[in-house]
Every structure is written in structure tokens, then in C-alpha cells.
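A.B. asks: Read off the chains here:
Protein chains: 2
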Amino acid sequence: MSAADKKTEWPMGFRSAGVAAGVKRDGSLDMALIVSDRAASAAGVFTTNQVCAAPVKVCRAHLEQPVVRAIVMNSGVANACTGSAGMVSAEAMAAGMASELGCLPEEVLVCSTGKIGPQLPMEAIGGGVSMLSAAAAADQLEQTSRAMMTTDTRPKAAMRDVDVKGVRVRLTGLAKGAGMIEPNMATMLAFVTTDAAVEAVALQAVLKGAVDRSFNRITVDGDQSTNDSVLMLANGASGVVLEEGSESWAGFVAAVESLCFELAMMIVHDGEGADRFVTVLVEGAESDAAADAAARAVANSLLNKTAWAGTFPDWGRIMDAIGYSAARVDETLVRIWYGETLAVEGGVQAATAMETLVEAVSERELLIRIGLGLGSGEAVVYTCNCTEEYVRINF
Amino acid sequence: MSAADKKTEWPMGFRSAGVAAGVKRDGSLDMALIVSDRAASAAGVFTTNQVCAAPVKVCRAHLEQPVVRAIVMNSGVANACTGSAGMVSAEAMAAGMASELGCLPEEVLVCSTGKIGPQLPMEAIGGGVSMLSAAAAADQLEQTSRAMMTTDTRPKAAMRDVDVKGVRVRLTGLAKGAGMIEPNMATMLAFVTTDAAVEAVALQAVLKGAVDRSFNRITVDGDQSTNDSVLMLANGASGVVLEEGSESWAGFVAAVESLCFELAMMIVHDGEGADRFVTVLVEGAESDAAADAAARAVANSLLNKTAWAGTFPDWGRIMDAIGYSAARVDETLVRIWYGETLAVEGGVQAATAMETLVEAVSERELLIRIGLGLGSGEAVVYTCNCTEEYVRINF
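Protein chains in written order, with numbering that gives the first Met the number 0: chain P, 0 to 394; chain W, 0 to 394.
Bound conformation, chain P alone (with noise of 0.2 Å):
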């Protein structure tokens, strides 16, 4: 749903833009702004892959020191794998955006999404660091969220609205990125902003809990991009301060995992080439870790990823992977369902009529439920099929 869809708005404070400099070749859009109008408080959350992107470590930089003011980004090169000089460019990039600005480029968060190797474009960079300083404005929501899409078929964009004691608290969050495995060109980032006041540390924690419960889901291969960044910014202009513990957190804290849950959800629904959208709950693990294993084995296996661009219900696929898998499993003990059909008991075939279990498997939105009987643990993951055309999107 695009952000027009749903008349997606900033909170207060918050400006944007997204302006084509040039970075992209075809002329599309490729540098985006978001800015706070005052010092906001900041949180990021970032790759742990060791090999990760310049801007990635200019982020982590910046935000040890407490005030942050801008976004500045870019998609078409990824600056990542690019040595010292990468460096060089995003550093110079975020001092470009805070000149224009007139703030210090310790105050603007940088990120960069595309192609792994070359160098950022400086010349392209700067004119279009000068282009969103003049474009910034409240209404350019949309337009910011297409200047961060590469790969992505449709723009990313949710809001959610809390009321803190008559007083309405706004999040409003863009992503980009296009299937959970594509770690190259379609780099998951996300944005997230408030109009309320929050303490730096507490924001950290919200931010890092909604994300292990939303985009840190559906990362269901381990694949992680060299670029993959969730930064959210607190401003304060609704003149609500949040208090960690306070009446109205626990409300403020649900709302940016609702938040976060939405656009990583309209990640996977953009996963290129996928039409079919897998819900895998593994239950009765001996461990939450051990589900998550299972899970995950089941979701990243490609013999499953190819078996639900059909319409068979082929689950000795599933059976497969979680024996595979980190997790302990007794095979006697195990059911799985389609939705609410149960097509393995014990560990074999249920005695479901295959008519039954074809259609199961058939939805566009299916449910693997996994019961491995033996224990509590718990885990879901969220990811799409593969089809023939995702081969040909990576070709």
C-alpha cells in the first residue's frame, strides 16, 4: 500500500524530501532527506555483518554523541566494500547535508543502499545534498519513500497514532527492500519517527525490541546486508515527553512494534519475484532458540521456497529441514498444519483427504504450523516463495 493509500503523514517537526541527483543512471529518483526542524534524540539498529558499509560505520559513529537532526540517503551504490574512500564519501556526505543544513555533521545519520564495490558518485552526492535542502517539506512523504526504493516494487510507508493523555503522539516509518534474500541490491532499511520526546538509551531499547520482533523476522536466511539499518528519531515537538515506566509507555512501546511489524510485513509482501506469503510457527520446541532454528531451516530452505510456488503439499520438504536443523527433533512426535489442516501426525501422513490438503496448501497467505511435542519453545518467521522470476530479477 503506498503511502498516498493510506495519507501517511509526518509527526510534527519532521520534513523530507527525495530528489533524482543523478546516482541512478536511469534518471529515477535516488537521494532522500528526512530532517527534524529541532534536535531529536536518535537510536539505530544495524547489520552484523563484518563486512559492512561505510555509512553503516559513520552511523554507529554519530550516534554516540546524543542529538541527531537529518537523514540523508542515497540508493544506486551501496558504498560498501569501498575502502577508505567510502569513508571519505559518506563522512563528506553527511557534512554536506549538515552544512545545508547548518548543523554539525555529527547531527546527520547517513545510508546508503545498491550496488556492492563502486565508489558514491560525489559530484552526483552534492547536488543532490543542495536539491533536498530545497525540497524539504511536510508533504513530500511519498516522494521520499520512492527515492529509497532499487529493487522494491511499490513505496513502504505506515503511521500509528498514540494518545498520551488527550495529546496525540505520532510514529510515521518508511522502509525499502525487496525479499529477505537479497542482501546486495535491495538492502533493507527503515526510518522511523515520533513527535514525542524520549531519552536516547530507553529509545535504543524500544527500537531494538521492535525490530528483533518485525525486521529481524523475516531476515529468514541469515542473509544480512552489508548496509541493513533501522534508525528511528524522537524530536519531541508534540510537547509529550515519555518516560520509560511511565502510564503511557507500555502504549508507545506497542505502537512502534506495530509499526515496525507493518512495514516488515510489507517488505516480505514486495519480495521479488513472490506471489505466495509463508507463515512458519514452529511450537513445542525444547528451547525458543531451538523453534527459531526450525524454523528458520524450513523457511531458508530452497526446496521449500520452490515447493510453495506450487500447489502440492510436499511436506516431506518440511520434515526434511527441520531434521536438518539446529533443533532437537523426534519424529514420532511431530505435526505440522496447513492453516488448520493437520497433514502430518506422529511424524507420518495424516489421514486428511488430498483434496483437503491441496487446497490447504493452495492459500496466497498459508500458515505452516509446526508441533515438535516437546517442550514449550516457540518461534515464528515470516517470508515468501521463489519463483522464476526472482531467479531473473538476480540473473
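These are calculated hints, taken from the structure and not from any lab test.
Beta carbons are placed, not taken as given, at the ideal position from N, Cα and C, and that holds for glycine.
Warning: the hint list may mix true and false statements.
Claimed, not checked - So the derived list for chain P, only partly shown, Cβ under 8 Å to chain W, looks like this: (1) Q49; (2) A79; (3) G82; (4) K114; (5) I115; (6) G116; (7) S224; (8) L301; (9) W314; (10) D319; (11) Y323; (12) V328; (13) G345; (14) Q348.
Since the structure of chain P is provided, determine the placement of chain W on it from the hints.
C.D. replies: Chain W only, in chain P's frame:
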């Protein structure tokens, strides 16, 4: 290369057969027998999948006694996830074959490959067992290897002769499997025979070592089938007794390894839908285990597999995969070569002309060499690319 092309023949004292018993509905060959005229010592290496097929359990049990006469197998149905009924069927298949051959049931090893879930059609299996017994002959090797095929496009057989003080010892092996990322319909099976006499414990050690350096080097994603089995029989019909540590031992061990390696390469080259073959060599890792983790991360990355369907030197996807692997990586030390052509130096694009890189990465047999610059750990993994055809086959 088919068995016929290489004039592959059995060692002395072995006969075999391949028949169409009606397990596969299309009437093609679906049962095979390899029988030794005399008692043979035996060894086996099996899937480590916790969900393992009934025939794997039966083989493990039968190998607890010292003498084996035959291997009987079927393709089309895997007899996996079939519960106690499946165990009864696997035991009955071995017992039926033993009765035909006049030996004990536990002297027969049994394998199945094909669809997970369905029970073995025991009437067809019973008929097949009689047909195999009647058809078994020394010149039926190609027919036998054809009966093992599922999605394989060609039979796989190889032979080695070793001279032991003027006496010829022969090693002959058959394999099936089409793609290392296909644990369901294309279980990997291999059967190795020799007319040397080798004591069972030593035979097991030789086979395990050979499998680790061949078949286990192509299990690129840890996707282990429920049915993967490598079996070896040594019947002593040549009159040559080989003892561990004897003068001729090293030559025999080398021949087993070389035979298994040839069969493993046949499997990679018959990878489903694949048209490019990739050797991923990692060196300079902190340990061999770290090198193995890095090599498998690259070989198993769907993004890399799809990149290898094209001819663009997308080394960023390699950097990304090693970065999220369990191996320690310092990106500033990384070097990557396509064949002899340097693509990455110090973690960034090397000063090699793009045309040169494109040419290097377009090799049908592609060597990717990755230097981590951290130590002396080394590992190699053999894989193939992922094309749209793979998705069509597994759809």
C-alpha cells in the same frame, strides 16, 4: 559420462541388475541389486539428518554384523516419514532379497530414494526382488545405475584399478543424485565395490575419509536428505588381502578417494537445471573450520548462485556472504580471484579491467578463490549455479 562410455565393469565376484518393478508409475527402471558371490566386508556412511528413512535405520542395524552379500534399492519412493509400517517394509525388502539369494536378511543392505511420505508399494517391491535375482549378471552395470536415477539426467559410474604386487584390484562405484540442494526427490546414494579383502573397521575408516573429501564437499548447504547413504563392499575375490599400514594400503586409499571424488563431481555436474560449475576455495582463514564456513556461505547463497547464471563479476555478493558467515573476516585483508584474475584486493575492487573480469567470471567451470589473510586455514566446496530451470524442476 555413462558407464558404457568408460567401459566400467564390476570387480571380480560381483553381479548386478536393474529392473522396472512398477514402483515408478511411468514404467521406467526403479529397482537395483548389487550382489557379491561371496561374503563381503562392508562399510556405510549415512545422513546425519534426525529425520532419517527406514532403510537407513535398517542398514545401520545390519552393519552391526560383519558380513554382507548384497545391496538392494528402489527409486521412486523414499520410505521416509513412514513410521513403523515403513520399518516393516524395509526389513521385508531385505528379507525377500535374502531369501532369493540364500543368505540371512541382515546380510542384505537396503536403500530407497524418491518421494518422502508414501509407503513402499510392497507388491511391486516383492515382484522386483524376484526379477532382480533372476536378472543379476556381471554385465548389467549400466542397467543397474540407470535404475537408481530419479531426477538425474544420466547414470553415474566410475572405476579404478590398483596394482598390488602384480595382481589387479578393482574398485567400481555407482552413484545417483542430481544437485546438492535437492534432498527430497534426489537423495544422494553411492555404492562402491572392490574385489580386495579389507577388514570391516579399516574399510569404514577409508570410506569415511573418502566421503569427507568428496560427497561431503558437495553438500553445499548442509541440506542432508533423509536417505543419503554411501555403502562399500569388499569381497576379496581378487585374492588380494589389503591390511591397514601395509605397502599397498596408501594406493588403495587413494583409489577409493579418487573414485568417490569422480562420482561426487558427476553429481555436481548433473545439478538440476545447472549449467555452470563453481569451485569455491577459501584460504588464509583462522582455521580449516572457518574456511569451510566461509566457503559454504558463498556456495549456499542464493544470491551468488543466481549471479553465476549470468556473466557479471558480482564480487560484492561474495564479500557479503563471507561477512555473515561464522568465519572471522577483516574486510581490509580480503582478496578474491576469478580463476587467475584478481577481482578484489584489500576488500575493494582491484585494478583489473572490467572486460578481463567479465571474461574470467564467464568460465563454465569457475574457480573462485578467496584469501582471508588471517591464517593458514583452507577449505574447498564444489557447487553449481541456480537457473530458472531449477525452480521449474522443483515447482
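A.B. asks: Decide, hint by hint, whether the structure agrees.
C.D. replies: Hints, one by one, checked against the model:
no. : hint : verdict
1   : Q49  : 5 Å, holds
2   : A79  : 7 Å, holds
3   : G82  : 4 Å, holds
4   : K114 : 7 Å, holds
5   : I115 : 3 Å, holds
6   : G116 : 5 Å, holds
7   : S224 : 7 Å, holds
8   : L301 : 5 Å, holds
9   : W314 : 7 Å, holds
10  : D319 : 5 Å, holds
11  : Y323 : 5 Å, holds
12  : V328 : 5 Å, holds
13  : G345 : 7 Å, holds
14  : Q348 : 5 Å, holds
Of the numbered hints given earlier, the model fails none.
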